[in-house]
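Enquirer: Starting from the known structure of chain A, fit chain B onto it as the hints suggest.
The chain contents come next:
Number of protein chains: 2
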Amino acid sequence: MTAEIIAVGTEILLGDIVNTNAQYIARALAGVGIASLRQTVVGDNEERLLEAIDSAYKQSDVIIATGGLGPTADDITKETFAKFFDLPLIEDAHSKELMESYFKGREIAPSNYKQIMMPEGCIVLDNHNGTAPACIIEKDGKIAVILPGPPKEMYPLFEDEVLPYFKRKQSTAIVSKELKLVGIGESSAAEIAGELLNGENPTVAPYAKEGEMLFRITARAEGEEECEKLIEPVKNILYERLGKYIYGEDKITLEAAVMRDIINKGLTVATAESCTGGMVAARLINYPGASEAFADGVVSYSNESKVKFLGVKKETLEKYGAVSEETAREMCLGVAAISNTDIGLSTTGVAGPTGGTPEKPIGLVYIGVAIRGKAFVKRLELKGNRDKIRTTATAKVIQLLREKLKEEYNG
Amino acid sequence: MTAEIIAVGTEILLGDIVNTNAQYIARALAGVGIASLRQTVVGDNEERLLEAIDSAYKQSDVIIATGGLGPTADDITKETFAKFFDLPLIEDAHSKELMESYFKGREIAPSNYKQIMMPEGCIVLDNHNGTAPACIIEKDGKIAVILPGPPKEMYPLFEDEVLPYFKRKQSTAIVSKELKLVGIGESSAAEIAGELLNGENPTVAPYAKEGEMLFRITARAEGEEECEKLIEPVKNILYERLGKYIYGEDKITLEAAVMRDIINKGLTVATAESCTGGMVAARLINYPGASEAFADGVVSYSNESKVKFLGVKKETLEKYGAVSEETAREMCLGVAAISNTDIGLSTTGVAGPTGGTPEKPIGLVYIGVAIRGKAFVKRLELKGNRDKIRTTATAKVIQLLREKLKEEYNG
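Respectively, the protein sequence lines represent chains A and B.
Mapping the first sequence onto the working numbering, position 64 (from 1) lands on 64, and the numbers just tick up by one.
Mapping the second sequence onto the working numbering, position 216 (from 1) lands on 216, and the numbers just tick up by one.
Certain hints may be false.
To be verified - Mimicking BS3-like on lysine-lysine, the simulated pairs with C-alpha atoms at most 25 Å apart in a straight line are:
(1) B:Lys383 <-> A:Lys152
(2) B:Lys58 <-> A:Lys58
(3) A:Lys383 <-> B:Lys152
(4) B:Lys314 <-> A:Lys308
(5) B:Lys308 <-> A:Lys96
(6) A:Lys383 <-> B:Lys251
(7) A:Lys104 <-> B:Lys383
(8) A:Lys152 <-> B:Lys251
In short, the hints are calculated from the structure, not lab data.
Excised from the complex, chain A in its bound form (with noise of 0.2 Å):
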């Protein structure tokens, strides 16, 4: 099967913001076997979207379309795609039911109604994270399938009911396996991969992606356990290679990872944070079953806050500055000490825009892990913006973690 994938809407063709939805559903799509011919993005404007839906109609099976299916007159994604399949909008009752659950008494403005008219005969797909319903329409041979526009809403639309659809209409099994590494580049790991990036079935590809990078085996077959059969040998290759660096296999983060490693190992840990200010215990908490093994983080970033919740020595602070070594070293001992956990994360730094010096300049931020009273503390010179540096500054520290665990308990 061919797929065009139409994006509609103003703000991406104004560039106010990027067309990640497209790179998300043409990957997707590339798992199941379905090749993307081409992308286009349209504004919110009935004639042009027209044109794009008659010149996918026309070279490829599938359109997948994204935006366009909020409550106000601008958007009309959905109504075009009943134009030009000529199918009339009927009121479905099932998603009348859930919006009027998910506004719960509050009062509904009656544009939103809007959203629940769905074309005759379409295939309705629930949305759990926003109230304008998804669609599949089936006509002439061909498959139009219609999402929301905010990731947050189209992913796990396209995780949970699309792809399952198209698994169940394509004949030959494709599956994929993605092994999740961290702390080696893409070109180092490629490097180490070797021939086997060249194989033709299970094919495996590089992805970098945030400080990590992962590996996608694919692999073609009659059914899936076939394709595992084939998947398996080269796992296990890449496992005798780089297994230090991976640190799990698909859906799972580098977090959920983490977390549950300390859960396995009877573990408890507290967080300390000044330059990322709650960033690593927000994605610590991430992880659904945190509450077994995180017990408190403090988001100390005044001095003060350091010395009264931490018990960092005010010496400390005085002789050696709070973006420094000995501070981070005291900060991930003093929040485990003080919580009476198992193990404390610490970090302190310069995130910028301003606030950076010669000795200090933005960028630099300490982390700290300690392990049972016993403290690691790592220093970083990082690259960017506020945001970039303080992200970077938790996966960082996440990433040390692991490494120590590691170490500590031999795996």
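Expert: Frame of chain A, contents of chain B only:
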């Protein structure tokens, strides 16, 4: 003038990289009064590229193409444009010099000479960050700009050569002004804006964005001043009708607006988070000046730490539970007291995916704002997955803070 942006590259089509060039170019074009009608991505495939060029040629004055200028055989963008415009490719002497000086004595692979073959009569643009020169073709009253794909090469070429070229051509300017609202839905706000949304010049368009919404007012005129004159009255009407929801203009974020307000009022703030686990602190500290007002943040995920760090009463937790109005109240009052700040914020709730009960379902969150010993607590019933519930709760408590600051300090 109208434009279409064509990105050429199988790696974009497969979703291996995001088409950030299109965003950059679209925004830059808008800045010089050129409206983008469409963005297209095609692979390194002559037939489909010709199709895309033809379609763009028919509907737009300007075609901007990126990618496919490299030395390898699958780089066909320049060749395909030359074919479409029926122009022979001729070796460009100046580009040849540049390339040879670029390689500085190093051996030049023959394939590189392909890059200096330029469409006859085009304007050649020197690429100081790569080996592939860019070019502008002017023919049949149409303009085709052909640029390399790597942003490091494309951005400077666009800044230094392409934008000045269009500025010389353009007479009209375009200016946009954004009003950012919170505490009201897109649909309700759109209804109140009413007839303004039908305006031609300036246009007014509503956009929803993660629990917030914005109106973009866009005007076209001779010069930027004329644009401002057109925008002003419409902007004023929106302030009259929706002023209490407008927290800022253009690039400012909600947290920046609130933190700026807090700093201007000479107040200080501390946070006590349970279910949001640091996200509130992280967002507030996102504001570069945060250190002036942000004292401490506590992530009291466990009951013990709610008692230990925040002075929440054991009896309160036993009688009402951690997720309750009473606990939220004691948390925000408690953190302000121990941190000795004017303002305390708190969140406590059930983020899921497990832990929900009939009385306390997933999505039940209490948020608290304490100002000078006076506490305001709000009960939320949020939908969506764990991440969505936490992000929304974070936005809601910052919104509640803004609201209460307005009430307590009349604006």
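Enquirer: Taking the hints in turn, state whether each one holds.
Expert: Going down the list of hints, with the structure as the test:
no. : hint                  : in the structure
1   : B:Lys383 <-> A:Lys152 : holds (12 Å)
2   : B:Lys58 <-> A:Lys58   : holds (18 Å)
3   : A:Lys383 <-> B:Lys152 : holds (17 Å)
4   : B:Lys314 <-> A:Lys308 : holds (23 Å)
5   : B:Lys308 <-> A:Lys96  : violated (46 Å)
6   : A:Lys383 <-> B:Lys251 : holds (23 Å)
7   : A:Lys104 <-> B:Lys383 : holds (10 Å)
8   : A:Lys152 <-> B:Lys251 : holds (22 Å)
Of the numbered hints given earlier, the model fails hint 5 alone.
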